[in-house]
Amino acid sequence: ELKVEQNPLFLSMQEGKNYTIYCNYSTTSDRLYWYRQDPGKSLESLFVLLSNGAVKQEGRLMASLDTKARLSTLHITAAVHDLSATYFCAAIMNYGGSQGNLIFGKGTKLSVKP
Amino acid sequence: EPEVTQTPSHQVTQMGQEVILRCVPISNHLYFYWYRQILGQKVEFLVSFYNNEISEKSEIFDDQFSVERPDGSNFTLKIRSTKLEDSAMYFCASSQRQGEEGNYGYTFGSGTRLTVV
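Protein chains in written order, with our numbering: chain D, 12 to 125; chain Y, -2 to 114.
The following block holds chain D by itself, in its conformation from the complex (with noise of 0.2 Å):
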């Protein structure tokens, strides 16, 4: 059974200081995805995470993917106020010849103070 964890689940952050959140899944998975969530809205994807050495950057985020590791990493460079969201890793169950359902992390609570 795919497991997936993320850590920290809370994160309270200064502007313009630098952190990182990391993914574990438990089984193989080679699609890793990232969705950001602000509160009592949907998920808006952020990456798709496609093989191994895999890296995505969109502004002051970037997104990592080591399959041997079975980690992904989301690093925040010089956080402001308007990151603060929940965000949730996705990895994939049965890949391979279906689409594959989405298998959540129990997401990261940011919070970017001035």
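Heads up, a few of these hints could be off.
Stated by the list, open to error - SDA-like mimics (lysine to any residue), calculated; alpha carbons at most 25 Å apart, straight line: (1) D:K52 <-> Y:I23; (2) D:K14 <-> Y:S84; (3) D:K14 <-> Y:I57.
Everything labelled a hint here was simulated from the structure, so no lab data went into it.
Could you slot chain Y onto chain D? The hints should help.
Below, chain Y without anything else, positioned relative to chain D:
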């Protein structure tokens, strides 16, 4: 940009009543999903649907739940006899078939907040 549409946005129902949550997936998507999120908790997979049948379902998706694609556009989740613990946000999602285009994205709707009283 195409989007997944869910209705209603909020539904309040009495315990024991049946509810139907509705979703209109993106028109050229072939895979459909329901997820739920209890307030403040993680997003949990319920069921996936492809080619007019269930592909996978989780332990949460018991006999009280059913899904249907009654026409070419709607995808519904029915809860036969709601319980207090069914109170959650329910998200519908859809995706294209994985193919040469390499589109692996899942698009989520804005959710239906179900409150069982």
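Do the hints match the structure? See the list:
Using a Cα cut-off of 25 Å, the hinted pair K52 (chain D) and I23 (chain Y) holds, with the two alpha carbons roughly 19 Å apart. For the proposed pair K14 (chain D) and S84 (chain Y), the alpha carbon gap of about 24 Å is at most 25 Å, so the pair holds. Under the criterion of a C-alpha separation no larger than 25 Å, the hint pairing K14 (chain D) with I57 (chain Y) is consistent with the structure, at around 16 Å.
In terms of the numbered hints stated before, the structure departs from none.
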